[in-house]
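Asks: The residues making up each chain are set out below.
Protein chains: 2
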Amino acid sequence: MAGNGKLWLSDLSNASDRSKSEMKEPLEELRLCCTSWRFAAETNNLSPWRTIPPECAGYVEEYMTGRGYRYDLERVSKEARVFANSVKLGDDGRDIWIFDVDETLLSNLPYYALRGYGLEVFNPAEFDKWVEEGSAPAISSSLELYGEVLKLGFKVFFLSGRGERHRNVTVDNLIKVGFKYWDKLILRSSEDGEKHATEYKSEKRDEMVKEGYRIVANSGDQWSDLLGSSVAIRSFKLPNPMYYVP
Amino acid sequence: MAGNGKLWLSDLSNASDRSKSEMKEPLEELRLCCTSWRFAAETNNLSPWRTIPPECAGYVEEYMTGRGYRYDLERVSKEARVFANSVKLGDDGRDIWIFDVDETLLSNLPYYALRGYGLEVFNPAEFDKWVEEGSAPAISSSLELYGEVLKLGFKVFFLSGRGERHRNVTVDNLIKVGFKYWDKLILRSSEDGEKHATEYKSEKRDEMVKEGYRIVANSGDQWSDLLGSSVAIRSFKLPNPMYYVP
Chain A
1142 MAGNGKLWLS DLSNASDRSK SEMKEPLEEL RLCCTSWRFA AETNNLSPWR TIPPECAGYV
1202 EEYMTGRGYR YDLERVSKEA RVFANSVKLG DDGRDIWIFD VDETLLSNLP YYALRGYGLE
1262 VFNPAEFDKW VEEGSAPAIS SSLELYGEVL KLGFKVFFLS GRGERHRNVT VDNLIKVGFK
1322 YWDKLILRSS EDGEKHATEY KSEKRDEMVK EGYRIVANSG DQWSDLLGSS VAIRSFKLPN
1382 PMYYVP
Chain B
1142 MAGNGKLWLS DLSNASDRSK SEMKEPLEEL RLCCTSWRFA AETNNLSPWR TIPPECAGYV
1202 EEYMTGRGYR YDLERVSKEA RVFANSVKLG DDGRDIWIFD VDETLLSNLP YYALRGYGLE
1262 VFNPAEFDKW VEEGSAPAIS SSLELYGEVL KLGFKVFFLS GRGERHRNVT VDNLIKVGFK
1322 YWDKLILRSS EDGEKHATEY KSEKRDEMVK EGYRIVANSG DQWSDLLGSS VAIRSFKLPN
1382 PMYYVP
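Heads up: the protein sequence lines correspond to chains A and B, in order. At position 169 of the first sequence (counting the first as 1) the number is 1310 in the numbering used here, and the numbers step up by one without a gap. At position 231 of the second sequence (counting the first as 1) the number is 1372 in the numbering used here, and the numbers step up by one without a gap.
I should point out that these hints are in silico values taken from the structure, not numbers from a laboratory. It cannot be assumed that every hint is accurate.
When chains are identical, the list treats them as one kind, so a pair holds in a single copy or across two.
What the hints assert, rightly or not - Subject to a maximum C-alpha distance of 25 Å in a straight line, what follows is the list of computed DMTMM-like cross-link-like pairs (lysine to aspartate or glutamate):
#	residue 1	residue 2
1	Lys1219	Glu1170
2	Lys1317	Glu1273
3	Lys1321	Glu1332
4	Lys1165	Glu1203
5	Lys1325	Glu1335
6	Lys1219	Glu1196
7	Lys1219	Asp1324
8	Lys1317	Asp1333
9	Lys1165	Glu1202
10	Lys1345	Glu1332
11	Lys1270	Glu1215
12	Lys1219	Glu1166
13	Lys1165	Glu1215
14	Lys1229	Glu1203
15	Lys1270	Glu1220
16	Lys1219	Glu1169
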């Protein structure tokens, strides 16, 4: 990792003519260091970051495209479903489950796969083009949770950092991949401007509470989806080692 | 993992007469599943739990005694030191850094090593005996952070779930392993009784804020050290896959 004072990275770069068995140890060291970085990211221990550590590019790619990411998603979905089924809902229709959209309901993996899984600095114009295609696939474990939550009688609110100008394409994309119903789809208006996500989403949750809703649960891949004011009784942090939204 | 509907566990139990190479895949599957469990635990996605999953006993032991736990600790400590050095302290001596004690400053690994690293249900009487020995070693990466935080001029508060009756032995243990100074050592009084840690620690933080302190940072191995009211500007979650404190 950059600046952690360990020498494994230079060890690795000098290792091209080593035998496969001699390579094993530095690769294991790299795996452990990148796992520590990923843990620090997932537990919100890192300062704001713009790209993944270059030396972890291979690690993150393997994680995102292999079983690691999928198993982590499935585990969160399962825990959330267990919780959902344990909740005794009021008969006033005021119990809500909030879902973030990107990397929570919809996957932008096809976009990030072409950009090193977080290795490149985020390009808003390029990302807008991708959003406007409306072709993001569903995260299937979230689709499963969403179905269960609806069936149990929760009100379902989608709270996204996407702008109002992307409402139509977002609606179409969500419906196309199976998220066919919601009680509210909240997008950033011009008034929300450049607010940090934590502030914007907290304000929106404050409004829900003022309107008499009980925020029972909240699912999101960013801590800025989950922390701040009017936090849910249970928050579910989905994995995302590719980018950080403050 | 218990109840996740996958068959890898029964695969494993039938694998005793397989060749080493045939064993590799189920072991990799087990590693991935236990990593997902650990992520879910560290990101606070699990419902309250009393013991680690039995099938992950070997995984947790390897993590705790190998490089994994140490690297994770070092990464958190490093991130916290970067943050500490970035803070512009007021000149009124009111900027504080809170540290939890067990698994944050002091390690109970010698105790848990004899009890399957979280495989056995917590035994308060047995754990009290261990605490009363006063021989818990320091977590060295936390000692490093603590030294830096003191040097920078933060006030240092230790906020622990240990009871007042263990004050003397805790003081002796802390000093013996290098934590020689603090501004407050807050322990559970009889009034705090059986409160959940989140409630007890939130109340103590509320008091700090009322007294005019600014809670700049908080280091703890449990989410119940960090969440609730009067949360710190930055919270640092240390790894601990061995036990859960509500």
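Asks: A separate judgement is required for each hint: does it hold in the structure or not?
Replies: Status of each hint after checking the structure:
1. Taking the shortest Cα distances, Lys1219 and Glu1170 sit within 25 Å of each other only across copies (18 Å), while inside one copy they are farther apart (31 Å).
2. For a Cα distance limit of 25 Å, the shortest separation of Lys1317 from Glu1273 inside one copy, 14 Å, qualifies, whereas the shortest one across copies, 62 Å, does not.
3. In this assembly of identical chains, the alpha carbons of Lys1321 and Glu1332 never lie at most 25 Å apart, being 28 Å within a copy and 51 Å across copies at closest.
4. In the homo-oligomer, the alpha carbons of Lys1165 and Glu1203 lie at most 25 Å apart both inside one protomer (17 Å) and across protomers (18 Å), since each shortest distance falls under that limit.
5. For the identical chains of this complex, Lys1325 and Glu1335 are intra-copy neighbours only, at 22 Å inside a copy versus 40 Å across copies, given an alpha-carbon limit of 25 Å.
6. Taking the shortest Cα distances, Lys1219 and Glu1196 sit within 25 Å of each other only across copies (18 Å), while inside one copy they are farther apart (32 Å).
7. With identical chains, the CA atoms of Lys1219 and Asp1324 are at most 25 Å apart within one copy only, with a shortest distance of 23 Å there and 44 Å across copies.
8. With identical chains, the CA atoms of Lys1317 and Asp1333 are never at most 25 Å apart, being 28 Å at best within one copy and 53 Å at best between copies.
9. Taking the shortest Cα distances, Lys1165 and Glu1202 sit within 25 Å of each other both inside one copy (19 Å) and across copies (22 Å).
10. For the homomeric pair Lys1345 and Glu1332, the shortest alpha-carbon distance inside one copy (12 Å) is at most 25 Å, but the shortest distance between copies (38 Å) is not.
11. In the homo-oligomer, the alpha carbons of Lys1270 and Glu1215 never lie at most 25 Å apart, since the shortest distance is 29 Å inside one protomer and 40 Å across protomers.
12. In this assembly of identical chains, the alpha carbons of Lys1219 and Glu1166 lie at most 25 Å apart only when taken from different copies (24 Å versus 35 Å within one copy).
13. For the homomeric pair Lys1165 and Glu1215, the shortest alpha-carbon distance between copies (23 Å) is at most 25 Å, but the shortest distance inside one copy (30 Å) is not.
14. When the C-alpha separation of Lys1229 and Glu1203 is checked against a cutoff of 25 Å, the pair qualifies neither within a copy, at 40 Å, nor between copies, at 40 Å.
15. Proximity of Lys1270 to Glu1220 under the C-alpha cut-off of 25 Å is found in neither arrangement, the shortest distances being 34 Å within a copy and 35 Å between copies.
16. Proximity of Lys1219 and Glu1169 under a CA criterion of 25 Å is satisfied inter-copy only: 21 Å between copies versus 30 Å inside one chain copy.
Going down the numbered hints, you'll see the structure goes against 3, 8, 11, 14, 15, while the others check out.
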